[in-house]
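> Sequence:
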Amino acid sequence: MVSSKPPVWVWALLVAAVFGVSSAGTLLQQIELDPLLKASWRLQLTAVVLLPFAVFQWMQQPDDIKAKMFEPRTLGILSLSGLALALHFGAWVASLKYTTLTHSLLFVTAHPLIVVGGMFMLGLFATGVRQPTRRELVGALIGFTGAALTLMDEGTQQGENTVTLLGDSLALLGALTVVGYIVCGRILRAWMPIFLYAFPVTLLGALLLLPASWLIESDFATYGVLGWLEPNFFAWFLALALIAGLLGHTGLNTCLKYLSPLVISACVTLEPVIGSFIGYVAFGTDLPGLWTWIGGGVLMLGLMLIVTALPNSEDTNNQTASTIEEA
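So for the sequence shown, this note's numbering puts the first residue at 1; every next one is plus one.
Read the hints as simulated data drawn from the structure, not as lab findings. Just so you know, not all the hints are guaranteed correct.
What the hints assert, rightly or not - Derived lysine to aspartate or glutamate pairs resembling DMTMM-like cross-links, with alpha carbons at most 20 Å apart: (1) LYS66 <-> GLU160; (2) LYS97 <-> GLU217; (3) LYS97 <-> GLU160; (4) LYS97 <-> GLU32.
As the list claims (entries may be wrong) - Now the in silico label distances, taken between C-beta atoms and shown as ranges: (5) PRO72 <-> LEU122: 23 to 29 Å; (6) LEU165 <-> GLN60: 47 to 53 Å; (7) VAL225 <-> SER260: 37 to 43 Å; (8) SER79 <-> PHE56: 21 to 27 Å; (9) ALA16 <-> ALA148: 33 to 39 Å; (10) LEU122 <-> PRO211: 31 to 37 Å.
Bear in mind that the values here come from a model prediction, so they are computed numbers and not experimental data. Just so it is clear, CB atoms sit at the ideal spot from N, CA and C, and this is done for glycine as well.
Could you build all of it, start to finish, from the sequences and the hints given here?
Here you go:
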C-alpha cells in the first residue's frame with residue numbers, strides 16, 4: 001500500500017536507487033568483452049543474487065501455486081519472457097559498443113513509445129484493444145520527433161564511441177523486446193511472486209545468450225561460460241549486481257511500498273540524463289552533441305507525457321514492476 005506521507009528516508013532511497021539503475025550502462029561500457037557474452041554474464045550473476053530469494057518464496061507457497069508453476073501455459077509464458085529478456089539485454093549491451101552511452105540510454109528507455117505505437121496499430125485492425133489517449137498520442141509523436149532529431153548527430157564522437165544508426169537501432173530493438181518481457185510479466189505476476197518469476201526468466205535469458213555468443217563471438221572461446229569469476233571481470237560484474245541490482249532495482253522495489261508507481265516511472269525516465277552524468281564524472285565520457293541535447297530533451301518530454309497519462313496508470317504500474325524485476 002502506498003503511504004500518504006512517505007518517510008524522508010524513502011526519498012533519499014529513491015534518489016540513490018535511480019542513480020544505481022542509471023549506472024548500469026556506463027559500468028557495462030567499461031568492460032572490454034564481446035556484448036552477447038557480457039550480457040549473459042550480467043544475467044548469470046543477477047540469477048545468482050535472485051536464487052536465495054526465489055528459494056525462500058518457493059518454500060512459502062501453497063501446493064496449488066507450486067503446481068501452477070509447472071503448467072504448460074505457465075512454462076510457455078516464462079520461456080517467452082526469458083527469450084524477450086535475452087533479446088533485450090543482448091541488443092542493448094551490443095548498442096553500448098556501436099553507439100554512444102547517451103544515445104543507447106535514450107533509445108533503450110523509449111519502450112513507452114513502442115507500447116503506444118503498438119496499441120494504436122492494433123486498434124486499427126482489432127477490436128477490444130484499448131486505444132491510446134490523446135495525451136499518449138501527443139507524447140508518442142513528440143517522442144518520435146525527438147528520436148529523429150538525435151539521429152542528426154550521427155557520426156559525432158562521445159568519448160571512445162561514435163553515434164551510429166546501427167547502435168541506435170540495436171538500442172531501439174532492446175526497447176522493443178523488453179515490451180514482450182513486460183507483457184509476460186503482467187500476465188504471470190497477477191498470481192506469481194516476484195522472485196519466482198524473476199529467477200527462472202533471468203536464468204533462461206542468460207542461458208539463451210550463451211549459444212549465440214559461442215556462434216559469433218571470439219571471446220567465448222577465450223573466457224567460457226563462467227568467465228565473470230575471473231578477477232579482472234568479477235569486480236565489474238559484482239558492482240553491477242550491488243549498485244545497479246541491489247541498490248537500484250531492489251531500492252525501487254522498496255520505494256513502491258511508499259510511493260506511487262507513477263512517481264517512480266517518472267524518475268526512471270531520467271535515466272539517460274543521470275547515466276550520461278555518471279559516465280562523464282566517473283569515467284570521463286565526453287558530453288553528447290548538440291542534436292542529442294535537443295532531440296534527447298524532446299524525446300524525454302514525450303516519454304514523460306506518456307508515463308504520466310492518468311488513463312495509463314495501470315500500464316505504468318505493470319511496466320514499473322517489470323522493470324524492477326530485471327534486478
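> Compare the structure with the hints numbered earlier in the document and write down the numbers of the violated ones, lowest to highest.
When the structure is compared with the hints, only number 1 turns out to be violated.
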